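Protein chains: 4
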Amino acid sequence: MNKTVRDRRALMHVGPVTIELDVLLAGVKENVGFSSREFVDAMSSSLKGLRKIMGAPHYQSFIIPGGGTSAMESVVSMLKKGDKVLVVSNGVFGDRWLNIFKRYGVSVDSLKAEAGDYVKPEIVEEAVKKNSYTMVTLTHVETSTGVREPVKEVTKRIRDLVQLIVVDGVASVAGEEMRAEEWGIDVVLTASQKALGCPPGAGLLVASPKAVSRISQDMLGGYYLHLSNWLEIMRSLEDGKASYFATLPVHLAFMLAKAFDLIEQEGLENRLKRHEIVGGAIRSGVEAMGLSLVAKEPSTYSNTVTGVKLSKVDPSKVLSSMDEAGIELAPGVHPALAGRYVRIGHMGWITPNDAISTIATLERILHSLGEQVKLGDGVRATQQYLTENIL
Amino acid sequence: MNKTVRDRRALMHVGPVTIELDVLLAGVKENVGFSSREFVDAMSSSLKGLRKIMGAPHYQSFIIPGGGTSAMESVVSMLKKGDKVLVVSNGVFGDRWLNIFKRYGVSVDSLKAEAGDYVKPEIVEEAVKKNSYTMVTLTHVETSTGVREPVKEVTKRIRDLVQLIVVDGVASVAGEEMRAEEWGIDVVLTASQKALGCPPGAGLLVASPKAVSRISQDMLGGYYLHLSNWLEIMRSLEDGKASYFATLPVHLAFMLAKAFDLIEQEGLENRLKRHEIVGGAIRSGVEAMGLSLVAKEPSTYSNTVTGVKLSKVDPSKVLSSMDEAGIELAPGVHPALAGRYVRIGHMGWITPNDAISTIATLERILHSLGEQVKLGDGVRATQQYLTENIL
Amino acid sequence: MNKTVRDRRALMHVGPVTIELDVLLAGVKENVGFSSREFVDAMSSSLKGLRKIMGAPHYQSFIIPGGGTSAMESVVSMLKKGDKVLVVSNGVFGDRWLNIFKRYGVSVDSLKAEAGDYVKPEIVEEAVKKNSYTMVTLTHVETSTGVREPVKEVTKRIRDLVQLIVVDGVASVAGEEMRAEEWGIDVVLTASQKALGCPPGAGLLVASPKAVSRISQDMLGGYYLHLSNWLEIMRSLEDGKASYFATLPVHLAFMLAKAFDLIEQEGLENRLKRHEIVGGAIRSGVEAMGLSLVAKEPSTYSNTVTGVKLSKVDPSKVLSSMDEAGIELAPGVHPALAGRYVRIGHMGWITPNDAISTIATLERILHSLGEQVKLGDGVRATQQYLTENIL
Amino acid sequence: MNKTVRDRRALMHVGPVTIELDVLLAGVKENVGFSSREFVDAMSSSLKGLRKIMGAPHYQSFIIPGGGTSAMESVVSMLKKGDKVLVVSNGVFGDRWLNIFKRYGVSVDSLKAEAGDYVKPEIVEEAVKKNSYTMVTLTHVETSTGVREPVKEVTKRIRDLVQLIVVDGVASVAGEEMRAEEWGIDVVLTASQKALGCPPGAGLLVASPKAVSRISQDMLGGYYLHLSNWLEIMRSLEDGKASYFATLPVHLAFMLAKAFDLIEQEGLENRLKRHEIVGGAIRSGVEAMGLSLVAKEPSTYSNTVTGVKLSKVDPSKVLSSMDEAGIELAPGVHPALAGRYVRIGHMGWITPNDAISTIATLERILHSLGEQVKLGDGVRATQQYLTENIL
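Residue numbers (the working numbering), protein chains in the order written: chain A, -19 to 371; chain B, -19 to 371; chain C, -19 to 371; chain D, -19 to 371.
By construction, these hints were calculated from the structure, which means they are not laboratory data. Careful: at least some of the hints might be erroneous.
No distinction is drawn between identical chains; accordingly, a pair holds when it is met within one copy or between any pair of copies.
What the hints assert, rightly or not - In silico lysine-lysine, DSS-like type, Cα no more than 30 Å apart, as pairs:
1. Lys60 x Lys289
2. Lys276 x Lys132
3. Lys60 x Lys82
4. Lys82 x Lys61
5. Lys109 x Lys28
6. Lys28 x Lys82
7. Lys92 x Lys136
8. Lys32 x Lys61
9. Lys354 x Lys253
10. Lys82 x Lys221
11. Lys253 x Lys28
12. Lys221 x Lys136
13. Lys221 x Lys289
Note that the coordinates shown come from a computational prediction; the quantities given were computed from them, not determined experimentally.
Can you make the complete structure from the sequences, with help from the hints?
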């Protein structure tokens, strides 16, 4: 029934997510070129805004075409032949690092957690101590399961033992706390369409001075995504000077600048709190209706993605019924749980109102499809959670 | 907390209401004049679309500048000096007819219901039998209280006793069933910003051949809103010919055309059903949390506006807290209930998801402000209602 | 050929005119009600902005639904039974005052100029001296011919002889100099879709304290457009308080506020200068190609509308060919010149680039249709004019 | 003066170019995810539309993140270690191929033309006969100079002598004739922000069955841009099935689909003709005012980019004055002509009206800056050209 009303639909997905209209309208520009003043200004302010939400006041910002994967691949331009990398993987997107490094002949070891679990900090420390790694990659929130890695603690343990610590913050930045500089992380990367709440089209990263010092044409990597080609461009644009290597997503830059403005207006603390509450409200409802989360340990529950296990019904039927009811969830993609879960994304511009209507709808639909849920308990628990947490 | 997220806000108001983005974007036209082909086409299709939702296949459509009140005043151009009118009023907007007619020296009698009540069909019949009225005006849904008048039945009783039966459908058309021609109503009018779900700026009406035959310069009325000035314009535009008396709201015409398209896509039946369900879901929740509705009789509950009485808390505090929580309700305006109720509008592009989040939020806020509500009972009842009615 | 490219089309019309995208996008709001804070703020800032461009720092601003004609009719609410009005008319829109006043039984005298001419100040003075008028109405720029009345001089001569001087500035305000207060004009009115460059939907006026003091329910006039119903609303809104009589064009208010912002950014002086140059460039081209202007005296050429006489070709063919070529002009509407001229509007967001392409296209089209124009002379003269005036 | 009027500005640049509002608005979607039905439909229709404008009914379409450079780099995934490539370069973007291939260790020979010149077909043929190349790359229109290579003729001569013929159509596709299949070209690539008239963010290419058959993980290339990762995704999306490798620019897909719709509406033939006329009109004006084109031979003048040599004035001053006057041109970037030319882009949604106003403005500005131009001659020649060619 709700399908006919497009606007009130909620895209509780993992990116793109529901986007603020003001963000979208900021990109409606009919005649802005890559050397236009407005574009340069939008890039400059976005590069500065990125640094803030990354907690990286002295790092170099990059906004490059593509998304999370292009940002990941760009990190290759900090590695030279012979460098060794440890990939800490909690799922599909952790494993992606392996696929990327393989293409460039980088020597890689990996630590892998089971679906829903995470690699413990002590395990990482142990591995790092046994070997000499140039780079360790961590996934802050594993999008395929919703599990959050304690990157602060891992970094603390391994900071002095490796050259570069790289965090994939695709499913966390702007929704989870990130203090790259204070915690000692060298590179944090994300994508425009996640908790920043913009359309897809850009990969964003910050790099510590040490990481930047390694970027050169002599390093590995291709051409388009090689950070040595973008470094001076970013510096120029941040300084307000038009500069060109390849055409940036001009219109998206305006949307990013607007998103950073809105984040500033909301206050980053408030924004993280909002994500925490929406995530908490959703998990309360899910658990109260008798379902299990994919993430095993509460300390790893993320504020941005919740994997929900189903015991009887076909996830694809749940997704299509939810869609019909005006709420679009994401399919489960972890191979080990194939066909046994769905994901609820809660990133960007979402509110407690979305939490309650998502739980209410999910409860009704699961009930009607035959999943063993206690009708009414989910929505009551979410309402209880909200009562305790926002009023 | 939700205030920072503009897009997910719900405007549960009495008009303007939440508007579909596609409707708004349809009006983003940089260079369309009043004689441009596209505008003529948009008007033509809107005039036709209006006839459909009014259930008036052989009536004349009018779309004039202004809104509900300008449409009401335009009806004066069907009255000549000496004509007598009976105004059937269930509240503020029923009384508005009196104010309008007074300005033109029309002789008026009125039947008035108490706040929350309605004038019964037999009372109207009785009055009409005692006197010779040229026109009787009815208010389909009284916006100030949410009470629905049984216009079909009233019309049946008085059809042969008066010249013109005029229905103010401002708060009903496109949200409540209306079959003007079949029921024998001469004029039904509405405004763009109500259940049609467009921005304000236009009054819309349909008039029976008998009503149209009375329109002439010799009748009462002013200039801008005199239907004799608009009649040929409307006929020309519907026939696809540019025509000018005074400038119409060109951009709004595109939005209206898009709204009629979307209504066609949804299906009018489905749209009415959706309003009924959302209205029902809201009332269930309101009553379950222990509050009273302004409307006294269930048969008069409207699908579009619900007045909710408060016993202890200050309505303005409820409104501002709800607003803060991302849901904007409307203040109560009936003088007899001043400061004792709020209104929930549920017109246009609203869904069951809005119903549940409105009730959940209202429940929490009333509870926190000290109104005696049973926390959890409202949202449970709404969820129950939705379970029974949409799945 | 240009018809396929919508965006580069120029609407050289008399209103709506080409509208800035930022103005249009300002109105794309999905959930703003008539009591929403943002709307109140937009109204407040628009009411203040209006006062500025009217040169009326101590006047009362009104923004009411409708347009130029509704604003004209609203002035009736400053007249009481028995008041006498002098209408000074230079064409179709001057005559409109007669039609309006007639509906309310106002006693009216009129002074009429021939098509293309204007009523001289001394003639007005003479008439005013012979009779006792409560109100004199003037048309600043007569849209049907493009003739500008010297309202400053007329006002100087009659200021002390009449109660109220009312100027229809529909086709002038924001494109021609207007200093209502300094010149001693009581009421100046305009419409949103003219040189303000917004969509149609609002009539705007400023009224002197003396004019305001006459507004009351005891005066003539209808209901919807009666300023006594709007006065307190306007005062409240300007003070930042939500207030309701009938629903205002909420979305348009945001567009007006944005237009006033852009005018402020441009600078009113610069804006008027731009209109003057574009008007001058167009007239240079028109005359150089051998055509005559409708306006007879150069001192009355307006900066906003130019009537162009044709000697051989059918105006409707010129209009459709121009439209085909991406430039939409307005038809001639003065009955005395029916079928013998077209109008070029140059209001709002137009530039010298529009002037040159309009002249170039007009020249080619007239030539091809058989009008005796010297191909190349028009565009050369416009280029010459621009060389002398903007570089 | 025109700077204050944003909308009427013309972005006569090399990409992004002036974009149709309807294209931009098509991307204003608040809740569309990468697996949403609407997105899949938009991709499907864009992939089909691409094939049409490429003249490649039996080729495989790809739409990948990035732009022209990412599309170029993706071609590496058709090469295996040891393959030899001949790069035919007429300037900066021809040379870019060398930089790309170098990163992957591909063995490359090159033929280079001087600035403004092009490598003749017979020279390419000769080189190809002397060596065994797997791939030859050609640049259809060299953006840095505006020179068009006769790719049809080159292909004819070398078709049977090489495995793969790859054409960079970044500055030509949708503005110049392209019949990939008929002419025997294996790969043609372009970018969204050029003559397609969309925002930047996507590289688009078509590949012949032979080219597709070479795509595999065993070939060279990185990860994100490797076509083996995208091939099945594209096939699925074209077939209407959601599919994921990395997130595509979802919102841009809607804009591309709309652009392809508008191209269909205009007719590809008409679109190419329009580009030809606008290009011709601009060149006429430029030459008539006494300036030289960068492109040396008339047969190589492109319909999309015109390089204009300046003899006395500083190009950056010309650019800033033009910008001030509402027309943004592109700087010259060919190192051999550094500081001695500017580029006029005329791609996408441009019209003869833009040609005349560009020439008129350029003429006035060059004159005022001291360049030896004959004031009035440029605009007269353009007007003459348009008279002969469109009326």
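Outcome of the hint check:
1. Proximity of Lys60 to Lys289 under the C-alpha cut-off of 30 Å is found in neither arrangement, the shortest distances being 42 Å within a copy and 44 Å between copies.
2. In this assembly of identical chains, the alpha carbons of Lys276 and Lys132 lie at most 30 Å apart only when taken from the same copy (20 Å versus 60 Å across copies).
3. For the identical chains of this complex, Lys60 and Lys82 are neighbours both inside a copy (14 Å) and across copies (16 Å), given an alpha-carbon limit of 30 Å.
4. Within a single copy, Lys82 and Lys61 get their C-alpha atoms as close as 12 Å, and across copies as close as 16 Å, so both meet the 30 Å cut-off.
5. Within a single copy, Lys109 and Lys28 get their C-alpha atoms no closer than 36 Å, and across copies no closer than 54 Å, so neither meets the 30 Å cut-off.
6. In this homomeric assembly, Lys28 and Lys82 never come within 30 Å of each other (Cα to Cα): the closest approach is 33 Å inside a single copy and 33 Å across copies.
7. For a Cα distance limit of 30 Å, the shortest separation of Lys92 from Lys136 inside one copy, 20 Å, qualifies, whereas the shortest one across copies, 54 Å, does not.
8. In this assembly of identical chains, the alpha carbons of Lys32 and Lys61 never lie at most 30 Å apart, being 33 Å within a copy and 44 Å across copies at closest.
9. Proximity of Lys354 to Lys253 under the C-alpha cut-off of 30 Å is found in both arrangements, the shortest distances being 29 Å within a copy and 28 Å between copies.
10. In this assembly of identical chains, the alpha carbons of Lys82 and Lys221 lie at most 30 Å apart only when taken from different copies (29 Å versus 37 Å within one copy).
11. Taking identical chains as interchangeable, the C-alpha atoms of Lys253 and Lys28 lie at most 30 Å apart only when both belong to the same chain, with a minimum of 22 Å there against 39 Å between chains.
12. Proximity of Lys221 to Lys136 under the C-alpha cut-off of 30 Å is found in neither arrangement, the shortest distances being 38 Å within a copy and 44 Å between copies.
13. Taking CA atoms no more than 30 Å apart as the test, Lys221 paired with Lys289 passes between copies only; the shortest distance there is 24 Å, against 51 Å inside one copy.
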